[in-house]
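Asker: Position chain B relative to chain A; hints supplied.
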Amino acid sequence: MASSSSSGLTFKVHPLVIVNISDHYTRVKSQLNPPNSNASSNSPPPRVYGGVIGVQKGRTVEIFNSFELLYDPSTHSLDRAFLDKKQDLYKKVFPHFYILGWYSTGTDALESDMHIHKALMDINESPVYVLLNPSINHSQRDLPVTIFESELHVIDGIPQLIFVRSTYTIETVEAERISVDHVAHLKPSDGGSAATQLAAHLTGIHSAIKMLHSRIKVLHHYLLAMQKGDVPCENSLLRQVSSLLRRLPAIESGKFQDDFLMEYNDTLLISYLAMLTNCSSTMNELVDKFNTAYDRHSRRGGRTAFM
Amino acid sequence: MDPLEALVAQIQGLSSTPGDISRLHVILKQADDSLRSESTRLSPVLAQLAPSEHSLGFLYVLDAFTSGQISKQQAETTVPIITGFINACNAEQIRLAPEKFVLVCKRLKDQVMMLEAPIRGVGPLFNAARKLQLSTEHLTPLHSDFLLLCLLAKCYKTGLSILEDDIFEVDQPRDLFLYCYYGGMICIGLKRFQKALDLLHNVVTAPMSSLNAIAVEAYKKYILVSLIHHGQWQISTSLPKYASSVAQRSLKNFCQPYIELANIYGTEKIAELEAYVQTNTEKFENDNNLGLVKQVVLSMYKRNIQRLTQTYLTLSLQDIANTVQLNSPKEAEMHVLQMIQDGEIYATINQRDGMVRFLEDPEQYKTCEMIEHIDSSIQRIMALSRKLTAMDEQISCDQLYLSKVGRERQRYDFDDFDVPTKFNI
Chain A
1 MASSSSSGLT
11 FKVHPLVIVN
21 ISDHYTRVKS
31 QLNPPNSNAS
41 SNSPPPRVYG
51 GVIGVQKGRT
61 VEIFNSFELL
71 YDPSTHSLDR
81 AFLDKKQDLY
91 KKVFPHFYIL
101 GWYSTGTDAL
111 ESDMHIHKAL
121 MDINESPVYV
131 LLNPSINHSQ
141 RDLPVTIFES
151 ELHVIDGIPQ
161 LIFVRSTYTI
171 ETVEAERISV
181 DHVAHLKPSD
191 GGSAATQLAA
201 HLTGIHSAIK
211 MLHSRIKVLH
221 HYLLAMQKGD
231 VPCENSLLRQ
241 VSSLLRRLPA
251 IESGKFQDDF
261 LMEYNDTLLI
271 SYLAMLTNCS
281 STMNELVDKF
291 NTAYDRHSRR
301 GGRTAFM
Chain B
1 MDPLEALVAQ
11 IQGLSSTPGD
21 ISRLHVILKQ
31 ADDSLRSEST
41 RLSPVLAQLA
51 PSEHSLGFLY
61 VLDAFTSGQI
71 SKQQAETTVP
81 IITGFINACN
91 AEQIRLAPEK
101 FVLVCKRLKD
111 QVMMLEAPIR
121 GVGPLFNAAR
131 KLQLSTEHLT
141 PLHSDFLLLC
151 LLAKCYKTGL
161 SILEDDIFEV
171 DQPRDLFLYC
181 YYGGMICIGL
191 KRFQKALDLL
201 HNVVTAPMSS
211 LNAIAVEAYK
221 KYILVSLIHH
231 GQWQISTSLP
241 KYASSVAQRS
251 LKNFCQPYIE
261 LANIYGTEKI
271 AELEAYVQTN
281 TEKFENDNNL
291 GLVKQVVLSM
301 YKRNIQRLTQ
311 TYLTLSLQDI
321 ANTVQLNSPK
331 EAEMHVLQMI
341 QDGEIYATIN
351 QRDGMVRFLE
361 DPEQYKTCEM
371 IEHIDSSIQR
381 IMALSRKLTA
391 MDEQISCDQL
401 YLSKVGRERQ
411 RYDFDDFDVP
421 TKFNI
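Residue numbers (UniProt numbering), protein chains in the order written: chain A, 1 to 307; chain B, 1 to 425.
Think of the hints as simulated: they come from the structure by calculation, not from any bench.
Be aware that one or more of the hints could be misleading.
As the list claims (entries may be wrong) - To spell it out: a stretch of chain B is covered by chain A in this simulated footprint if at least three of its residues, at any positions, have a beta carbon under 8 Å from a beta carbon of chain A; those stretches are:
1) 124-134
2) 247-256
3) 353-366
4) 370-381
Claimed, not checked - Computed cross-link-like contacts, DSBU-like style, restricted to lysine-lysine with a CA-CA straight-line distance of at most 30 Å:
5) A:K118 to A:K29
6) B:K29 to B:K100
7) A:K289 to B:K404
8) B:K294 to B:K366
9) B:K387 to A:K210
10) B:K154 to B:K294
11) A:K289 to B:K387
12) B:K100 to A:K289
13) A:K210 to B:K195
14) B:K191 to B:K252
15) A:K255 to B:K366
16) A:K12 to A:K92
What the hints assert, rightly or not - Quick partial rundown of chain A residues pointing at chain B, CB under 7 Å, derived from the structure:
17) N265
18) L268
19) Y272
20) A274
21) M275
22) N278
23) C279
24) M283
25) L286
26) D288
Since the model is a prediction, treat every value here as computed from it, not as a measurement.
Where a beta carbon is used, it is the ideal one built from N, C-alpha and C, also for glycine.
This is chain A alone, in the form it adopts within the complex:
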């Protein structure tokens, strides 16, 4: 069913679509299986459906938005009347947008999806099918979103429509980038004070540095092994490592050293000041507790506990 598309269309997907689909799926899943019930892991994950709308300019298909649709299991088709109504409403607000296709969730495209696909073909001659895989796979690095097109292929002498995968890129508008950033960092609900932003920023940098450190350690280990003779000597690798090392420091001049060291010292002084403040506040609390426990005002209690 899946081979690469040859239609030559470039697809661009906006993050809003992906977030919408994911939101729809999560909502339905949590409504179906209330969090406390024991049956949450037993039932198969529900499938959600909806339509996607966007703009097609020449060979570029840009998917901007999506909306939900109800699936009618008896007729194996989507609710047509609702779809038309939605289309009219969107036309009023976004005159340029057309219904480009539909979306669903699952691991792979199924045969039954072809029904739905064909049903949409009277609105759009070549609809797209956006599939989101809701299962969370931590080792997977890419987005679990696949875009399918339909093509007429001759199989066993019979021309058939089958789904073929297409590549796509993510296109963002500034507003979308901000919201995705926001969601990604899960800032607290109070709007994110300066302290939490700084903490989030520093955590990001910390994890980046940690990764860099671990990678350099691997390289170092490898070079040591090469030096000892455990590993055969590879000159191309050595050349790459040497060019990597030559990339830093980027600037080498007296003035740069001066400025750099001065800023470094300033930062260290600030952290020192922060630590001093931290210590003073702990000390303050400690002294308060000490005074409550060993009450100085009563002559009787006085210092006996200490001496």
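Answerer: What follows is chain B alone, placed relative to chain A:
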């Protein structure tokens, strides 16, 4: 000799494993009195025992051996024995009987003082203190004895090495007083006035229920060192609030001449200061503080020269001599040169026309050394912060604290009967 020989055999036999050693400890405690009675016949016994393996047994025998009065000739022989023992003994074994160990070391100190060779005791006591401590943050009674010997033997540097450790645990308050007092004196000897101030401050503000002589002496030195180092001493801001009430009330009464000195210092009149010192020389002499007082007078000149840097950019040596009331430009030059070397002032002397240019602090905070310096300070403060948090947690679980806090709550929450006033833990 029979019981004695039996004891020796037991010591030799039971010194290998920790289980054996605790049994040996019990046996030794019981045999302590009998050992004391046989003190004269113990020297051959000592020869049979090896200090590194049979440390505990050796310690007990040694304690009994040295318990009586020891004359000078005897001291000649016992000092090497004790020294050898301290250098060779096993730290875990002697920690089982710390008081005996401390007693033996104190006797060593008395004997070396009697022999008037305190330097012989410096090395052994240093090792002894290090072996007795559970960690470098622990203060033992041996620390103060060690510092006393360092002072008498003038080995200030060795004393300084043990002062570098921060102390967090103290057994006996008296140890702390003596330790800080002697430590302060050692720092004064090495001209490290800031550290001396810190140590003397500890003595003066330590909790005490009644005034003690150590604190009085420390207070006198504290005034003098603070005059030398800071150039000021305000009687109103003298003792901080956390000093004990006893100290705040009574210390001043015993240190009257010094407070007078500080007041005159504040008026910045060198002639008056010198006159006052002349009149009260023997009082200062009695307290062995005359040397410090002379340094105070010297520091007056330094203070005045430093004040000049804030007014003038360049000044001639003659003018300096006149303002600071020195006798000649040559003396002024010597003073300024000394101050430049000590790092108390930044200046250049132009010898051709006798002018001194005062400069700014050349530290630019741009160097790698500064980075290391700040980094090490940050590390130290992080360790301190960890300790403070641990102490905070500890005191939050303290029974006394919880009962007090509980009692306060009871007054406000009448229907909250979950909080008892007394904890029966």
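Asker: For the hint on A:Y272, just tell me whether its beta-carbon gets within less than 7 Å of chain B.
Answerer: Given a least distance of 5 Å, the restraint on A:Y272 holds.
Asker: Checking one constraint from the list: CA of A:K12 to CA of A:K92, max 30 Å. Satisfied?
Answerer: 23 Å, holds
Asker: Per the CB criterion, is A:N278 less than 7 Å away from chain B?
Answerer: 6 Å, holds
Asker: Min Cβ distance, A:M275 to chain B: is it shorter than 7 Å?
Answerer: Holds, about 5 Å.
Asker: A:M283 was flagged as interface toward chain B. Is the shortest Cβ-Cβ separation under 7 Å?
Answerer: With a minimum Cβ separation of about 6 Å from chain B (threshold 7 Å), the hint on A:M283 holds.
Asker: Do the alpha carbons of B:K387 and A:K210 lie within 30 Å of each other, as the hint requires?
Answerer: Within the cut-off at roughly 28 Å; holds.
Asker: Examine the region 247-256 of chain B: at least three residues should have C-beta closer than 8 Å to a C-beta of chain A.
Answerer: That given contact is violated, which follows from only 0 residues of the region 247-256 of chain B lying within Cβ reach (below 8 Å) of chain A.
Asker: Could you grab the alpha-carbon distance between B:K100 and A:K289 and see if it respects the 30 Å cut-off?
Answerer: Distance of about 37 Å is beyond 30 Å: violated.
Asker: Using 7 Å as the Cβ threshold, decide whether A:L286 counts as touching chain B.
Answerer: 5 Å, holds
Asker: Can A:A274 be said to touch chain B, with a Cβ gap under 7 Å?
Answerer: This hint is violated: A:A274 lies away from chain B, its Cβ roughly 10 Å from the closest one there, beyond 7 Å.
Asker: Would you settle whether the hint for A:N265 is holds or violated, based on the nearest Cβ-Cβ distance to chain B being less than 7 Å?
Answerer: Hint holds; A:N265 Cβ to chain B Cβ min 5 Å, cut 7 Å.
Asker: Mind taking a look at whether chain A covers the region 370-381 of chain B? Criterion is 3 or more residues with CB to CB distance under 8 Å.
Answerer: holds (count 7)
Hint violations for this structure: numbers 1, 2, 8, 12, 13, 20 and 26, all remaining hints satisfied.
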